[in-house]
Amino acid sequence: MDASQIIFFLSAALILVSALFVVTARNLVHAALWLIATLFGVAVLYVLLEAGFLAVVQVVVYIGAIAILFIFAVMLTRRDLLSQSSQTNANWPVALGVSALSLAAIAFIARGFGFSLDRPLAPVPTDSLERLGQALVSPQQFVLPFEVASVLLVAALVGAVYVAMNKK
Amino acid sequence: MIPLSWYLYLSAALFAIGLYGVLARKNAIAILLGIELMLNAANINLVAFWRYTDPAQMAGQVFAIIVFAVAAAEVAVGLSLVISIYRARKTVIADELDLMKW
Amino acid sequence: MNFWTDPIKVIYDWLMITLTGWGMSGWLADVLINLLGIIVLITAAMVLDILLVWVERKVVARFQDRLGPNRVGPFGLFQPFPDIIKLIIKEDITPAGADKVVFNLAPILSLASVIFLWAVIPLAANVYGVDLNVALLYLVAAGAIGTLSIIMAGWASNNKYALLGAYRMVAVMISYEIPMIVALLIPTLLAGTMSMKGITLAQQDGLWFVVLSPLGMLLFLVAAIAELGRAPFDLSEGESEIVSGFHIEYSGMKFGLFYAGELLHAFTFGAFVGILFFGGWNWPLPWGDKYPLIGIFNVLAKGMFFYWVIMWVKYTVPRLRIDHMLAFNWKFLTPLAFALLIVTAVVHAIFKDLPLWAYGLAMFLSNILLGWAVLEILRSNARQERAAEETPAPAAQH
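Chains as they are written, first to last, in my numbering: chain A, 40 to 207; chain B, 6 to 107; chain C, 3 to 400.
Keep in mind that the hints are not guaranteed to be accurate.
Pulled a few chain B residues facing chain A out of the computed Cβ check, cut under 8 Å [said to hold, decoys possible]: (1) Ala21; (2) Gly26; (3) Leu28; (4) Met43; (5) Asn45; (6) Ile49; (7) Phe73.
Derived by calculation from the structure, the hints in this document are not laboratory data.
Given the structure is predicted, the values throughout are model-derived calculations rather than measurements.
Ideal Cβ positions, reconstructed from N, Cα and C, are used throughout, including at glycine.
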C-alpha cells in the first residue's frame, strides 16, 4: 500500500461518512456542514487525480457559494427545522431498497472496468490548464456547451431572483 | 497506485447515499442536498475516467466544469423555489405540497 | 550550491542526509522534512502576527493622536505578550444555547483560512511553500473557507446579533468576491499564468503591473479591504449597532484567534498587492532575485506598507451602511471591473508586440482614460441628482 492509496482511503472514508450524515442529520444546518466535509473530500480526490484546477474550483463554487446558499436557505425556512419528529417520510424503507439496488447495479457494472495495475497511467500534460482553457473556448471543441452553460447560468440567475422576490 | 474501479465503487456508494437522501427525506432543502451528492458522484466518475483514459484530451474536465455550472444553476433555482413556497405555504415539507393531488 | 542563493535546498539536503543517516527511509524523511517546513512557515507567520498586534495598536494611536502602548519594553514592543497572557487566562466561555462543536470549530477555520494563503506566497525566487499553477484561484478558495467560518460562528453562537453580523459579512464577502476575481484576472492576463511565482517573474522581466493596470490594483485593494471586513466595510462588527457581530459570544483565546486571523489576513492581502502589482521580491533592495533573504525582506516590507495603507483607510474613512455597500459593489465596482478586464484584454492583444515602453504607455493611458471616463459619468450623475434636489418637487400625494 503506497501513500496515494492511504490518501484515497482516508478521503473515501471522509466522503462516505459525512455523506451518510448529510442524509441522516436531523438538524439541516448540520447536514449542510456535513455536505461541506463531503465536498472537501471530493476536492482531495481531484487533487489525487491530478486535476488541481477542478479541486480549487470545487472549493470555490461548492463550499464558497453553494453550501453557503444552503445554510442561508435553511435559516430562512427555519420554522420546520426541528419541530418534526421524523426527518424521513413514510417510504424510507423503499428508498433504502432502491438506493441499495442502484448501488449493487452500478458496482456490478463498474466491476467490468477492472483496470490492470501493471499498465502505467498516461502522464498528465504539464500544460493541462492551458489545454483546458483552449478546449473551453475553441470552436473545434467545447465552445458551444460552454456558451450554453453561461446562458443557463444567466437564466437561472434571473429566474431565481424573480421567483424568490417578495412581490409587494 | 489506485485502480480505476475503486473510484467507480466510491462514486457508486456516494450516488446511492444521495439517492436515498432524495427519496427518503421530507424537507425539500434536504432533497436538494441529496441531489448535490449525486452530482458529485457523477463528477468523480468523469474526472476519474479522464485521468485513466487519455489525460491529453480535456473532455472529462470540461464535462465536470459544466456539471459545476449546472449544479450552481440548480441550487439557485431550487432554493429560490423552496423559499417562495415557504412564503406562500409556510412549509418546506415536500409531502405537504399536495395542492395538485386530489 | 550556496546557502545564500538557495537556502531551502541546502537545508533540505542537509536534513535529508542527516535523517537517512539515522536509518530512516527516504520517503519518510521527505514527508518529515516537508512537515517541518510547514511548521516553520506557520510559526513564522504567527510570530509576524504578534508583531502586527503591536504595529496595529501603535499606528492606530498615531492616527488618533495618542501615544499607544509604551510601557512594556522599548516603544511598548513587548505589549502583545501581556495581551496574549490576558487572553489565555480569561475564562473560556461556550454559551449554553450554542452548538458546541461548530462554535469551537469556527475560530480555528477562521485562522486556518489565512494560514492556507501562506502556502502560495512566493517570499523569494526559491523560497515558497508550493508553486501552484492555480494560485490565484486558491486565494479565492481560501477566502471561501473564511466566509464559511464566519457563518458558522454567527449561527453557532445562538445570538441574534451574531447572526445579523454573520449575514451582513457573508453578503458582503460573496458580493465583493466578484470584483476581486475579475481584478485577479488582470495580472493573470498580463502574465499569462496564475502562478504567483510566474507573475513575479513576468514583472521582473517587464514592467510592474501597477504601471500596466493601476485601476486593477485599486480594484483589488478595495475588494480586498471589503473581503477582510475592515473599516469602512466593517459592518459585520458594527460596535454601535450589533455590538461586534459574529464574535460577540467569543471570549479568551477563541476571540484571540479571530483577532489574530484578521490582522494576519490584512497583512497577507497587503503582501498579495505587493506581489501581484508591485514586483514581489524585486524592490526596494537590489538583488532580491538572487539572494532570497533580501527577497524575503522586500516581500515583507511591501506587505507591511500595504498593511499600513489598509490601516490608514480603516482609521480615516467612516463605516458605510449595508445597502450603500452592496450598491457600491454591484452598481460600481463590478461593472468597472468587467469594463477594465475587457479594455485590458483588447489593449494587450493590440499592443503586445510593440516595444516595452510603447506597450506600457498604451496600457497605462487606457487605464487612466477608463478611470477618467468613470469619474466623469459619476460627476454628471451627481450633478443631475443635485439639480433634481434643488428644483422643488411637486407635493407628494400619499
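Hint-by-hint comparison with the structure:
1. Ala21: This hint holds: Ala21/B lies near chain A, its Cβ roughly 4 Å from the closest one there, short of 8 Å.
2. Gly26: At about 3 Å, which falls below the 8 Å cut-off, the nearest Cβ of chain A leaves the hint on Gly26/B intact, so it holds.
3. Leu28: holds, 3 Å
4. Met43: violated, 10 Å
5. Asn45: OK, holds: Asn45/B within 8 Å of chain A, min 5 Å.
6. Ile49: Hint holds; Ile49/B Cβ to chain A Cβ min 6 Å, cut 8 Å.
7. Phe73: holds, 5 Å
Hint 4 alone, counting from the list given before, is not met by this structure.
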